[in-house]
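Visitor: Chains as they are written, first to last, in numbering that gives the first Met the number 0: chain A, 0 to 329; chain X, 0 to 289.
One or more hints might be untrue.
As the list claims (entries may be wrong) - In silico EDC-like pairs for lysine to aspartate or glutamate, Cα to Cα no more than 20 Å straight-line: (1) A:Lys149 with A:Asp326; (2) A:Lys302 with A:Asp173; (3) A:Lys68 with A:Glu262; (4) A:Lys56 with X:Asp67; (5) A:Lys291 with A:Glu223; (6) A:Lys253 with A:Asp23; (7) A:Lys124 with A:Glu261; (8) A:Lys96 with X:Glu246; (9) A:Lys253 with X:Asp145; (10) A:Lys68 with X:Glu246; (11) A:Lys129 with A:Asp230; (12) X:Lys99 with X:Glu184; (13) A:Lys312 with A:Glu178; (14) X:Lys54 with A:Glu223; (15) A:Lys175 with A:Asp134; (16) A:Lys68 with X:Glu251; (17) A:Lys68 with A:Glu261; (18) A:Lys52 with A:Glu261; (19) A:Lys52 with A:Glu262; (20) A:Lys274 with A:Glu36; (21) A:Lys182 with A:Asp322; (22) A:Lys228 with X:Glu251; (23) A:Lys278 with X:Glu251; (24) A:Lys131 with A:Glu236.
In short, the hints are calculated from the structure, not lab data. In this text, all values refer to a predicted model and were calculated from it rather than measured experimentally.
One-letter residues, chain by chain:
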Amino acid sequence: MKTGFIANLLTAAFLTTSLAQGADITLLNVSYDPTRELYADFNNVFAAYWKGKTGDKVTIRQSHGGSGKQARAVIDGLEADVITLALAYDIDAIATKGQIKPGWQKELPHNSAPYTSTIVFLVRKGNPKKIKNWDDLVKPGVSVITPNPKTSGGARWNYLAAWAFALHQPGGNDAKAKEFVIKLLKNVPVLDSGARGSTNTFVQRGLGDVLLAWENEAFLALNELGPDKFDVVTPSESILAEPPVTVVDRVADKRGTRKVAEEYLKYLYTDEGQKIAAKHYYRPINTKIPTKLAKVKLYTIDKAFGGWQKAQKTHFADGGTFDQIYDVKK
Amino acid sequence: MSAPVAIIPRSQNPKGRLQTEPAAVRWLLIAIALAFLTLFLALPLAAVFSQAFEKGLSVYLTALQEPDTLSSIKLTLITAALTVPLNLFFGVTAAWAIAKFSFPGKNLLITLIDLPFSVSPVISGLIYVLIFGLQGWIGPWLQAHDIKIVFAVPGIILATIFVTFPFVARELIPLMEAQGKDEEEAALVLGASGLQTFFRVTLPNIKWGIIYGVILCNARTMGEFGAVSVVSGHIRGMTNTVPLHVEILYNEYNYTAAFAVASLLAFLALITLAVKSVAEWKVRLQLGNE
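In isolation and in its complexed conformation, chain X is listed as follows (with noise of 0.2 Å):
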């Protein structure tokens, strides 16, 4: 499989290591990379705030205590506390299982887990409507049972938690497999039952790995755009989740509101950063320490 995404054991990267190319190269190098993230991530972040606090302070508080804007926040909010719980005890449960013991179909569990990295998150809400749409599969019955899935909080949920799932699972199975299995042996053979080793060794181990996860799946789940729309029904004040009422307010030429909104979900990828390299800088410890 792929290496650890992101994740780069200390031992590997030392930092006296020998310089081979010129001065010049490098840095022609980071003024290439330092132009691109001005041009693609600096100037549309500052774009957003200026937009957004564009007509002052009152005006974007105002905007963000709109009903249907309070609604889509409470909306996102929902979502992401069903999801993120979720995702994470499946994510770790997978981690756990793939890094630590080999059984028949180990790979082919690993493919399945990335494949909603792979697919169209149109693709992903698609499939929901296909299955649960009064067209699709199941659709006709749960109609007559009054269940409602599509353009309705389950399937936005159920769309979410498709595109989030690969991302705890996916930051856990690199660490674990780097940590080896031989501490939980020790503490097998030390009398430890399978879920006192989990709580007492395996979960300390990879707790910063977890929030590594977490946050970033988090981010998603707030983020997510494309399947929400597609099994949303955007009803106002319902169904709209954050980047949905974005949108629905910038086509309303209502373009504060929407910066106002959007800068919400700005703040959000700032928090993710910080908490992101904080993690990322606690797992490699972790490491390191081995």
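Looking at chain A on its own, in the form it has when it is part of the complex (with noise of 0.2 Å):
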């Protein structure tokens, strides 16, 4: 009893790493928040297909949180074999500590983004508020629910694609895309720290008459929480999110996963890993895989905002747009 109490910590404590060899593997895939419930059924879907095709037996852990938050603790140390994130920044974050070689944005189609994903609006059953597009976000009585984008991936996407489309506009400019984003957020009555608080201030709570929120997470919402509650609006045009993956290199090597931890990626990309995607209401990359989500005008973040580099230092650094909007705020 004692005996096996005392090897079942030291197994949970140090051995975590030591199961590479032989036919049972584990991975560790750290995510960002929303992404749970896709995962938790993509697992299921790849180590059965692993298993058929190599025998070995793979069990995928999952952690999730705050994207942010997820890059920081792999650069800390947190053994990830693959991270799945909400943007390729915070992924350049772990890069630049070298745990992830440079370049690794090539290493799979399409950015490294097996699915997109896009900004929509949940709004309350029937829409009282007549809740459209972008523009109607500013009116004044319009309460807006989004996270703060210093903490959080989902409340970026939101801020810039609100940006993005008043620099569309007729006549439309910086100054102007200014102006429009700060009557946006002087609609915001709280903003929380990551896009799950949001959606449970929204549902939960009862706050707002809208969410800005990722479209999986919308419908994820509708479908766990009542459709006969909530609608679903898609704004005329919105920001493509493109949410990347890969291998983190120096886990990988390390703990011998490489072959495995690469083909979980590649996986993603196959008609079966994309209908999963699409199932959640992720935009499947490959166009022939059958999506229900509206069609909508997309525009990436590196046309819109030159990449992801440049609008992190414009609009969410220490003294950027978000934070003289803020000011103005109060």
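Both chains are sitting in their own frames, so use the hints and assemble them into the complex.
Guide: Structure, rendered in structure tokens:
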């Protein structure tokens, strides 16, 4: 009994990494918040596929949290074999610490993003405030729920999507876009730290008229919490979110899991993987896979903002437009 | 130093003391206290249980048998099984030294024991990431030797020990100081050795104080969220303790399961409260008999 307990403890404490030999493999996938259901599903399918192909049993463990926070944990030593985050910027942060080889984003097709998503609106059933597009969000009396862009990846997409919308209007420029976002933030009563927190604020606590959310989050909330309570509104245009995936070289090489880790990510691109992504309301990059999602004019960060590094610096770094705006708001 | 925590010798609190306040004031105070308790303790507790059993007993039991939930319970028990004995040992040693001897640096030691009470749990977790994390002082060395501290069980235990180490010592110091050292001195004069004195004289005197400290230490160990959240890495089925698992379930819109697991912690709180009351009563008796 006692030795059993100690052995258990030792196993739990120290031997988590040494399971790679033989036919019993564990992978750790460190991901952001909204992918929980997607990977819970995908991991089972992949494990079955891998068992059939190689006879090896692979167990994939999941860790979820805010994208930036998860990147920080990997930088501090969380042993992720693969990392599947909300934006390339967060994976770049790990790469600059030498844990992922530079050029990682060219390793897999489509900028290493096997699925895409966009930002949509979740509104109360029947859309009582008649919210159809981005410009409806700045109307007086409309209460908007979105997380804090300083801590949430999703919130940064929301912010940039609003900015880009204003930019794309006739006569749009950066000054006007800033004004638009100032007006929008004035309608935000509470900034949660993460996307799931915001969803819970909107759904559980009943705050706000509209939630700016990942498309898959919006549909998940709709299905989980009652199609009779909410509607999803897709705006006329929105931003193309490309959540990238990659192998963490430091960990995969150390644990000898590179092959299965790479295959795991590649499997996301197969018809099987793409169907699972579509099922969980991500937009599959393989256009042959059917999806229930509405067609919408999408533009990329690269095209609208010159890439994440630049967008981050201009908008979300200390003293960036978000800080300037938030000072104005106060 | 501050007065004994929650332990009031009976001699200072005689039952038949003079009541000077008018009855209306007394009833008003009691009503305010009761309203406060209902609002902040009884209602949330009732909410936890009503949510947990909202979909019936079988859903409740199924939620508790889910593998990730079981693994979080196991991890919490392992953490408590290591943290509580270590802090018991440390607490008794420290309290003995402080209450029965005088030595240079005694006040500094008392201040250090109190430190975890005044530090935010998030900071308590973060210091371990800063020391043992890959970017930290000895992280690279640990990495080279394949030893995992943070984002694994050892880190969770370390952070929990730090957060909970004042509990036993803080309960025992005032008790042992109040008891004085006359009995120990008598034992030594009669020829008992140091260890004999400790086990035959000191320990029986502080028995209920120890239980009181241990139960509080255990409650905090099992309920700790902040510090553990920072060092956990949140790997499902591996490094999630019960409180962390509650948060995860809640975030997954799995409200019934979240409240079912939370109800375990609520049960723990109720048991803690009961044992604590008994221990408090016994301590008072022990002091009263002096």
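Visitor: The structure should be examined with respect to each hint, and the outcome stated for every one.
Guide: Going through the hints against the structure:
A hinted pair counts as satisfied when its Cα atoms are at most 20 Å apart, and Lys149 of chain A with Asp326 of chain A qualifies at roughly 14 Å. Under the criterion of a C-alpha separation no larger than 20 Å, the hint pairing Lys302 of chain A with Asp173 of chain A is consistent with the structure, at around 15 Å. Distance hint between Lys68 of chain A and Glu262 of chain A is unfulfilled; the C-alpha atoms sit about 26 Å from each other, more than 20 Å. Using a Cα cut-off of 20 Å, the hinted pair Lys56 of chain A and Asp67 of chain X holds, with the two alpha carbons roughly 19 Å apart.
Restraint check for Lys291 of chain A and Glu223 of chain A: the C-alpha separation of about 17 Å stays at or below 20 Å, so the hint holds. A distance of roughly 16 Å separates the Cα atoms of Lys253 of chain A and Asp23 of chain A; the hinted pair therefore holds under the 20 Å criterion. Distance check on the hinted pair: Lys124 of chain A and Glu261 of chain A sit about 43 Å apart at the alpha-carbon level, beyond 20 Å; violated. Distance hint between Lys96 of chain A and Glu246 of chain X is unfulfilled; the C-alpha atoms sit about 30 Å from each other, more than 20 Å.
For the proposed pair Lys253 of chain A and Asp145 of chain X, the alpha carbon gap of about 9 Å is at most 20 Å, so the pair holds. The hinted pair formed by Lys68 of chain A and Glu246 of chain X meets the criterion: a straight-line CA distance of about 16 Å does not exceed 20 Å. Proximity of Lys129 of chain A to Asp230 of chain A is assessed by CA-CA distance (about 11 Å); at most 20 Å being required, the pair is judged to hold. This hinted pair checks out: Lys99 of chain X and Glu184 of chain X have alpha carbons roughly 10 Å apart, not beyond 20 Å.
Among the hinted pairs, Lys312 of chain A with Glu178 of chain A is consistent with the structure: their alpha-carbon atoms are about 19 Å apart, no more than 20 Å. The straight-line distance between the Cα atoms of Lys54 of chain X and Glu223 of chain A is roughly 16 Å, inside the 20 Å bound, and the hint therefore holds. At most 20 Å may separate the alpha-carbon atoms for a hinted pair to count; Lys175 of chain A and Asp134 of chain A meet this at roughly 13 Å. The straight-line distance between the Cα atoms of Lys68 of chain A and Glu251 of chain X is roughly 18 Å, inside the 20 Å bound, and the hint therefore holds.
Proximity of Lys68 of chain A to Glu261 of chain A is assessed by CA-CA distance (about 24 Å); at most 20 Å being required, the pair is judged violated. A hinted pair counts as satisfied when its Cα atoms are at most 20 Å apart, and Lys52 of chain A with Glu261 of chain A qualifies at roughly 15 Å. At roughly 11 Å between alpha-carbon atoms, Lys52 of chain A and Glu262 of chain A fall within 20 Å of each other, so this suggested pair holds. Proposed proximity of Lys274 of chain A and Glu36 of chain A is supported: the alpha carbons are some 14 Å apart, at most 20 Å.
Only pairs whose Cα atoms come within 20 Å are accepted, and Lys182 of chain A paired with Asp322 of chain A is accepted, the gap being roughly 15 Å. Taken as a hint, the Lys228 of chain A and Glu251 of chain X pair is honoured in the structure, with Cα atoms around 18 Å apart against an allowance of 20 Å. This hinted pair checks out: Lys278 of chain A and Glu251 of chain X have alpha carbons roughly 17 Å apart, not beyond 20 Å. For the proposed pair Lys131 of chain A and Glu236 of chain A, the alpha carbon gap of about 11 Å is at most 20 Å, so the pair holds.
Of the numbered hints stated above, those contradicted by the structure are hints 3, 7, 8 and 17, listed in ascending order.
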